[in-house]
Amino acid sequence: MRDLASVETQRTGAPLSGVIASEIDIAEGAEYAGATSTGSQPGGSPKRRKRTARKALMTVVLAIGLPIILLVVWWILSANSHSPYFPPLSKILDQFWKLWIIGPAKAQLVPSLSHLAIGYVGGSLIGIISGVLLWRLPAVRRATSPVVYFLYVLPAPALLPALIAIFGIGEMRQIALIAFGAIWPTLLNTLDGMRGVDQVKFDSAKAMRLSPVRTVWSVVLPGASPQIAAGLRAGLQVSIILMVISEMVASTGGIGYFILQSQANLALVAMWTGILMLAIIGTVLNYLFVGVEHRVLAWFYGSRALEGR
Amino acid sequence: MTSTPTISVSNTQGKPITPILDVDSLRKVYNQGAANENLAIDSVTFSVNKGEFLCIVGPSGCGKTTLLRTISGLAKPTVGTVQFEGTTLTRVPDGLGVVFQDYARSLYPWMTNLQNVSLPLKARGMKKAERLRRTHEVLDSVGLSKVANQYPWQLSGGMQQRVAIARALSYKPDLLLMDEPFASVDAQTRFDLEDLILKVRAEYGVTVVLVTHDIDEAVYLSDRIVVLSKGPSHVREVVPVELGEREQLATRSSDGFLTLRNHLLELVMPR
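Chains A and B are the protein sequences, given in the same order.
All residue numbers for the first sequence refer to the numbering used here, where the first residue is 1 and numbers rise by one.
All residue numbers for the second sequence refer to the numbering used here, where the first residue is 310 and numbers rise by one.
It is worth saying that the hints were derived from the structure and are not from the lab.
Only a predicted model underlies this, so the values are computations on that prediction, with no experimental measurement involved.
Since no wrong hints were added, every one of them can be taken at face value.
Pairwise CB distance ranges (calculated): (1) B:ARG400 - A:SER145: 27 to 37 Å; (2) B:LYS481 - A:ALA53: 44 to 54 Å; (3) B:LYS508 - A:GLY282: 55 to 65 Å; (4) B:LEU558 - A:LEU62: 53 to 63 Å; (5) A:ARG233 - B:THR560: 51 to 61 Å; (6) A:GLY282 - B:LYS481: 53 to 63 Å; (7) B:THR387 - A:PRO146: 28 to 38 Å.
Here chain B is said to cover these stretches of chain A; the calculated rule only asks that three of the stretch's residues, wherever they fall, bring their Cβ under 8 Å from a Cβ of chain B: (8) 207-218; (9) 222-232; (10) 291-302.
C-beta atoms are modelled at their ideal positions from N, C-alpha and C, and glycine is treated no differently.
The shape of chain A in the complex, shown without the other chains:
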């Protein structure tokens, strides 16, 4: 008999190392990392590597270039502005430094970001867990489906007065509002992603006699994870918006409160620094999210890239 291993050649490219492998299996992935030598592959021809490097550089230049150009344009156009509503960018940046970096305003970040973190993580967890439960219980799913969509389309800020009535004007109300907003996109995407998992994957699970819990953990959740990630990302945007809104109504702290107070005190430069701070937070969180997503879903992006070849 021939040596079977030598007959076929493996595909090259897709240099996924064992390092990433340890982060893939949500269930128990890390245990295998480094257990054997990593079957490393050459990362394609030097020519192709050069081409991908140039492409990556272009992406970075384009991503950073446009914002820089816009900032420069803003700087030049606002340089001689005497309008109290549109102060020069130089003034805004100066104030930004004084208020947010060395000054007192940075204390406002603590309530904002802690509410956001607790509300977003809590809401996302509720969304994923309810998604799993609704997937497992089709009768409940059919019964609750109209309610879920009703709550999904309901603009969350409309609930603020009710939440104030329930939780008072404390932190709980702000966290509850953020969590409420984060639940629905996550829940609906989780449910949708789980229902989209291929039947053959379930047949395989049954053939291997995986328990229902293990099937959810090792097959259904990872299978739905690209769409769950899409839901989490949408939930993050909603959470940031709700964070600001919750701070602008009946609140005594946070970035939203700072912006509103500055405007009320006619401190318009300070107001602009608060808006700038929000933009920075949103951008950083979004990039963080994408970075984590690409690491956790490396298998997904890797397999999709190979399909497209």
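Guided by the hints, dock chain B onto chain A, whose structure is given.
Positioned in the frame of chain A, the structure of chain B alone reads:
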């Protein structure tokens, strides 16, 4: 156990053999009572002996995949029984491994090959050290020890199907069911995989039931071939194959092979 009149089971020494799988008057109807009612399998009876390599062939659309799903415990028969090692199936039994046709759909792309193969062992509560040892052993016997930490989608089709075979073999099942396992790979790879499955069958002492539409493949691999009629299917004939040691070129050009092949073609081809 129900006796099966169509096949009398005894080996050359004349000792009775207990079948590992016994399929009795199996009938499968989809959407029974509905307007789109579909009789996929009329009545199929056969049994598989321990250690045997049995192929099921039939014209396309004869319900081969339905049959495999039913005899593996993934689907319930409408009428009739399937017994595995003397017990009527209600779900996939512990000692049964299944290899599906499409590896891209059956393997889990979020797991490395190693993780894929060790998943059924994890489900059986095997300790980590033992699990790793066994996983490497089985990956080695399908010639994939070098790619253990890669992902299935980084491999060629033939190699992916070998991961699927390794996964089904990892828990040392008594019976391996395969649904057109080599249908999605090229001809050269197909020959390699055929020889691989004969090799691991000897190595693991596993009984194999393989569903295929390829008559040459069935003759090359089996000890016995169950020929199905076109759907709604019944068993047309059970053909014993006695070709001795297999070797792709020599076996496929031998007189015995060609005679059997022609006989099977006559049975399968619609007249």
